[in-house]
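Please build the complete structure, drawing on both the sequences and the hints.
According to the working numbering, the residues represented by the sequence shown are 5 to 405, in order.
These are computed hints drawn from the structure, not numbers from a lab. None of these values were measured; they are calculated from a predicted model. Don't be surprised by glycine CBs; every beta carbon is placed ideally from N, CA and C. A few of these clues could be false.
[Claimed, not checked] When the alpha-carbon atoms are kept at most 30 Å apart in a straight line, the in silico BS3-like pairs for lysine-lysine are as follows:
1. LYS395 to LYS75
2. LYS335 to LYS383
3. LYS184 to LYS169
4. LYS295 to LYS376
5. LYS65 to LYS238
6. LYS383 to LYS235
7. LYS199 to LYS395
8. LYS238 to LYS383
9. LYS199 to LYS6
[Said to hold, decoys possible] For each label pair, taking beta carbons as the anchor points, the in silico distance ranges come out as:
10. LEU401 to LYS250: 44 to 54 Å
11. PRO99 to GLU344: 53 to 63 Å
12. LYS6 to GLN165: 23 to 33 Å
13. THR41 to GLN136: 39 to 49 Å
14. LYS184 to ASP400: 33 to 43 Å
15. SER246 to LEU401: 44 to 54 Å
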Amino acid sequence: MKRLFWFGYDLLSYVFLGIGLLLFPVRWLVKFISIRTQPTNLRLNSLWTGTPIITLAVKAKAEALLGVNAKSLVYDTYFITSDFDYNLSAWTTIPLVGKLTSLFVFIWVCLWADRIHMYMDRGVLLGRKPLQSSFKELLVYKKLGISVFFWTYGADVRSRQTTEKLGHPNCCTECPAIGKACICDEYSRKMRINKLTHYSTGVFAMGDMMEYTIGSRNDLFFWPLDLYGAKAAKYKAVYPTSDHTKPVRIVHAPNHRAFKGTHYLIEAVERLIAKGTQIELVLVEKVANEKALEMYRSADIIFDQCLIGFHGYFAIEGMAMGKPVMCYIRKPQEYLLSPEECPIINTHIDTLVQDIEELVNDRDRLREIGIKSRQYIEKYFTLEAFADRLKNAYQDLGVTI
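Right, dumping it as structure tokens:
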């Protein structure tokens, strides 16, 4: 049944790709009418779609600050959040028929969008395999004059060979899903990224992800937070206290333990507890973002990861809440935004016990770092700050805002 479905889907996708190309004159007719009837209110339409990562919708909000009609659309959601403009999971989860939704979304994109933003692992049309985009779909966008921008999140660009060359430790060190969790194969990675780049107006990476995307723009640091919007209270700063009657609480959110080095943290905390150190560890797993944020607020220290070599969105959220963040940063001067100001405590699996112990024994320092963390996020990772960086990138690329 599965093979039969994909055979039918592939046939239908060719039909819809052809329809998409035929929409070229319709697109320009709609634009012409819009220009004539609304010359002063005309806004570009921008779609953010693909993997339902929490930052997808946040980036769309940031682009909207530039006067763009930016929307986010996903076919499914993770348990973390469903806060997207268009969440089609109610349709796409219908057995077999639901997957055909993507074909009609594709036609809508061909008519509506002026630009489209995607991660490098999927597009609007579905692929038979994970981490697979349709190059035919991208060709249609190019023919229709729709600008395509690719963003990275990690697994969509990593290969085992390049990762291991970065040195030990790395996210392949204890990988339980070789050939599945990331692209893995070096040849496939290079070939796919080269093709995606060919069809794109711009490719954006940051941190360790820039190691895999030669020619990408790496200065956008595209994990912004909505600090001042309707839900600003969820990122209210709660700085660590100097209460010596309670153990220091470390909070860690390992969505993938094997890639975050979780067992190193657990072992380090157990060793310190055995020595009589006042410390406790809270693991936040498989809970919605709102609930997770509540647990983060109780932290004295946020622990991000100690294998990958770059911080995640968890670290950004932790710093926004005024927490000291521990994380392994492989190349601080290259990977961090304004590294001399970044207060992340760079730790390593070889020094983890010592690094934690020093923080526990100097609680006043925790508050000082927490204050610097909040200031760093307010300066560099708000919607407004990211929107400015995005605007500069568009201008450099000659893209209309």
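Violations among the numbered hints, reported as their numbers in ascending order: none
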